[in-house]
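Protein chains: 2
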Amino acid sequence: MSAIVVAIDAMGGDHGPSVTVPAAVAALRADADLSIALVGREEAIGALLSGSESLGGRLRVVHAPEVVGMDESPAIALRTKKQSSMRVAIDLVKAGDAQACVSAGNTGALMATSRFVLKTLGGIERPAIAGVLPTINGRTYMLDLGANVDCTASQLLQFAIMGSSLVSALEHKESPSVGLLNVGTEDIKGNETVKQAGELLRASGLRFHGNVEGDDIYRGTVDVVVCDGFVGNVALKTSEGLAQMLSATLRAEFGRNPLTRLAALCAMPVLRSFKRTVDHRRYNGASLLGLQGVVVKSHGSADAFAYGFAIERAVEEVRMGLATRIGEQVERLQQRAGA
Amino acid sequence: MSAIVVAIDAMGGDHGPSVTVPAAVAALRADADLSIALVGREEAIGALLSGSESLGGRLRVVHAPEVVGMDESPAIALRTKKQSSMRVAIDLVKAGDAQACVSAGNTGALMATSRFVLKTLGGIERPAIAGVLPTINGRTYMLDLGANVDCTASQLLQFAIMGSSLVSALEHKESPSVGLLNVGTEDIKGNETVKQAGELLRASGLRFHGNVEGDDIYRGTVDVVVCDGFVGNVALKTSEGLAQMLSATLRAEFGRNPLTRLAALCAMPVLRSFKRTVDHRRYNGASLLGLQGVVVKSHGSADAFAYGFAIERAVEEVRMGLATRIGEQVERLQQRAGA
Numbered sequence: 001m002s003a004i005v006v007a008i009d010a011m012g013g014d015h016g017p018s019v020t021v022p023a024a025v026a027a028l029r030a031d032a033d034l035s036i037a038l039v040g041r042e043e044a045i046g047a048l049l050s051g052s053e054s055l056g057g058r059l060r061v062v063h064a065p066e067v068v069g070m071d072e073s074p075a076i077a078l079r080t081k082k083q084s085s086m087r088v089a090i091d092l093v094k095a096g097d098a099q100a101c102v103s104a105g106n107t108g109a110l111m112a113t114s115r116f117v118l119k120t121l122g123g124i125e126r127p128a129i130a131g132v133l134p135t136i137n138g139r140t141y142m143l144d145l146g147a148n149v150d151c152t153a154s155q156l157l158q159f160a161i162m163g164s165s166l167v168s169a170l171e172h173k174e175s176p177s178v179g180l181l182n183v184g185t186e187d188i189k190g191n192e193t194v195k196q197a198g199e200l201l202r203a204s205g206l207r208f209h210g211n212v213e214g215d216d217i218y219r220g221t222v223d224v225v226v227c228d229g230f231v232g233n234v235a236l237k238t239s240e241g242l243a244q245m246l247s248a249t250l251r252a253e254f255g256r257n258p259l260t261r262l263a264a265l266c267a268m269p270v271l272r273s274f275k276r277t278v279d280h281r282r283y284n285g286a287s288l289l290g291l292q293g294v295v296v297k298s299h300g301s302a303d304a305f306a307y308g309f310a311i312e313r314a315v316e317e318v319r320m321g322l323a324t325r326i327g328e329q330v331e332r333l334q335q336r337a338g339a
Numbered sequence: 001m002s003a004i005v006v007a008i009d010a011m012g013g014d015h016g017p018s019v020t021v022p023a024a025v026a027a028l029r030a031d032a033d034l035s036i037a038l039v040g041r042e043e044a045i046g047a048l049l050s051g052s053e054s055l056g057g058r059l060r061v062v063h064a065p066e067v068v069g070m071d072e073s074p075a076i077a078l079r080t081k082k083q084s085s086m087r088v089a090i091d092l093v094k095a096g097d098a099q100a101c102v103s104a105g106n107t108g109a110l111m112a113t114s115r116f117v118l119k120t121l122g123g124i125e126r127p128a129i130a131g132v133l134p135t136i137n138g139r140t141y142m143l144d145l146g147a148n149v150d151c152t153a154s155q156l157l158q159f160a161i162m163g164s165s166l167v168s169a170l171e172h173k174e175s176p177s178v179g180l181l182n183v184g185t186e187d188i189k190g191n192e193t194v195k196q197a198g199e200l201l202r203a204s205g206l207r208f209h210g211n212v213e214g215d216d217i218y219r220g221t222v223d224v225v226v227c228d229g230f231v232g233n234v235a236l237k238t239s240e241g242l243a244q245m246l247s248a249t250l251r252a253e254f255g256r257n258p259l260t261r262l263a264a265l266c267a268m269p270v271l272r273s274f275k276r277t278v279d280h281r282r283y284n285g286a287s288l289l290g291l292q293g294v295v296v297k298s299h300g301s302a303d304a305f306a307y308g309f310a311i312e313r314a315v316e317e318v319r320m321g322l323a324t325r326i327g328e329q330v331e332r333l334q335q336r337a338g339a
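Protein sequence lines, in the order shown, are assigned to chains A and B.
Residues in the first sequence are numbered from 1 upward in steps of one, following my numbering.
Residues in the second sequence are numbered from 1 upward in steps of one, following my numbering.
Because the hints were derived from the structure by calculation, they are not lab data.
Ideal placement from N, C-alpha and C gives every residue a C-beta, glycine not left out.
Please note that the accuracy of each hint is not assured.
[Said to hold, decoys possible] For the chain B half of the interface with chain A, some residues (derived, Cβ under 10 Å), not all of them:
1) P134
2) D187
3) I188
4) G232
5) A243
[Stated by the list, open to error] Some chain A residues flagged as far from chain B (calculated, every beta-carbon gap over 10 Å):
6) A3
7) I4
8) V25
9) V61
10) R79
11) K173
12) E312
13) E316
Isolated chain A (complex conformation) (with noise of 0.2 Å):
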């Protein structure tokens, strides 16, 4: 047995095993320290899996016969199907067989699941969902991306803890700088909840940098922005909204005429190693952040190569051990503010 487990709910996404099984097969050729659990139903799994495989005992496949639907209830999934796919990856890391959970699957159901079965860490109200995204110089890390759609200034501040803990795990950052999604930089700026966060996130010990805009998050001004899930789940759908328009007129451009076909030819090396630089898919994999245990939450829509990314996130969390430096930095800040 090598050192990390990974259960990947495998039935999870848009595209189910076609996508998780050849990603975990992928994953496990380039880690040699790692294990995965592919759960779900084991006929469809298995009829992924040549049997020439040699991967050294370190693929198994745990069968769950039900699975939960992308548009399920969160309450519903979490009450009637004890033995989906998603329910038992998450089973298996609370049984301490895995050390992280990877699912494509329902956010809302990963989430309401995970911390039924998993716990919320000490100190920690509601867990977040932190996500990175590429700057003009680097990658920055934004959380809640859409668990908490009403969030008080105190789980704002949890969230700062979180992220930091986050980048300082993932980008062996010492302190990473955290800034605080807002309306205008400002300490006066924003809504009653802001800037209540505002003055807890000076007061934290914390490296706050302050107030941040939204043209902030892609400047790379700071390595953790924090907002509330519904601002940066529209703040991220956006962004998304805006690259796809962007891409598809820029092809409409390119495809106007012979002369530009020609153009395109020309550039073509060049559009492509640019969007290698922007691809989506590198930045796969958001944290699921706050609970006792890793689970990584992949995009629906990710191809085999997106999800790779999602399970290398998880293995690194586990080797950094994520949730016990997460709980760490919580108690030494409350007894810092109680001090």
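Position chain B relative to chain A; hints supplied.
What follows is chain B alone, placed relative to chain A:
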């Protein structure tokens, strides 16, 4: 005297008269039915007006000695700068000497001063800022973009009514579709305020599409996207940041070496045409809606080309009788609700 008079806050914005004066002259040349009052420091404006301008007396300069700073507190600007170019321009609208005011100045001060001087329309609690954005198949209008960081459900309904009137006036659409920006399309999604707003919108008599997500903005799913000013401001600025990042990355890729620079040369006409299509300057000009008068805010960093679009917007709103239309629409829907 020609049909429409626009009062321009000549000192507002990052560049002041060096942008506003040439933009005004160009607008007058393009539209023989337009008169402009350039409001600000006479000597600064005069220095940029060559005596040879033959504009048939349609341009006049109105002296205003004070300037509202870009970072000044709106409350202080309103209380202490009664001779500012911004205030005097709005006063001209109030006095009936102009039908619209255009300013690239401090947004908060422009909103506070407009509201104080012009007053809101009956049935509108708070004015909102509406902008226009490119979509894959045209354009969409979005409000609020930052005037109101805390909104009630009934205010969101009022934004929807105003946005609908705006699109019907500017795009000549009988019954524009309205979407409520949310974190999912199902009715049960979102925070309490948004859920209540959804109920109000379903009962409103507007053509309510339902919830839309961030990626629907640039997809052009609806004609009007309604959200509170916090979310709208973040979505807009996030878009600006992403567009800048992508454009900088594309430039870097094309500038990498002699070969890529050759490719850039070859692709130049297409890239230019692409840039023109998505040029944010063409979308410059945000409408302050819900006032007894037309006020348009230009982006602070606008150049003369961009500023011209803000002037055009103001002219079109006057021509279409926007304020009256909004007033009538509010009344009609209120009667409907009361009936």
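For each hint, the structure was consulted:
1. Because the closest C-beta pair between P134 (chain B) and chain A is about 7 Å apart, less than 10 Å, the hint holds.
2. Checking D187 (chain B) against chain A: minimum C-beta separation of about 13 Å lies over 10 Å; hint violated.
3. Because the beta carbon of I188 (chain B) sits about 8 Å from the nearest beta carbon in chain A, less than 10 Å, this interface hint is met.
4. With 10 Å as the threshold, the beta carbon of G232 (chain B) comes within range of chain A, its nearest partner Cβ sitting at about 9 Å, so the hint holds.
5. This hint holds: A243 (chain B) has a C-beta 7 Å from the nearest C-beta of chain A, less than the 10 Å allowed.
6. In this structure A3 (chain A) is separated from chain B by more than 10 Å, as the shortest Cβ-Cβ distance comes to about 37 Å.
7. Even its closest Cβ contact with chain B, about 33 Å, leaves I4 (chain A) beyond 10 Å, as expected for a residue assigned away from the interface.
8. Every C-beta of chain B lies more than 10 Å from that of V25 (chain A), the closest at about 32 Å, which supports listing it as non-interface.
9. A cut-off of 10 Å between C-beta atoms confirms that V61 (chain A) is not in contact with chain B; the least separation is 33 Å.
10. With a least CB separation of 16 Å from chain B, R79 (chain A) remains clear of the 10 Å interface cut-off, as annotated.
11. Consistency note on K173 (chain A): stated as away from chain B, and its beta-carbon is indeed over 10 Å from all of that chain's, at 21 Å minimum.
12. Distance check for E312 (chain A) against chain B: the nearest CB is about 23 Å away, which clears 10 Å, and the non-interface claim stands.
13. For E316 (chain A), the requirement that its beta carbon stay farther than 10 Å from each beta carbon of chain B is met, with the minimum near 25 Å.
Hint compliance for this structure: hint 2 is the single one not met.
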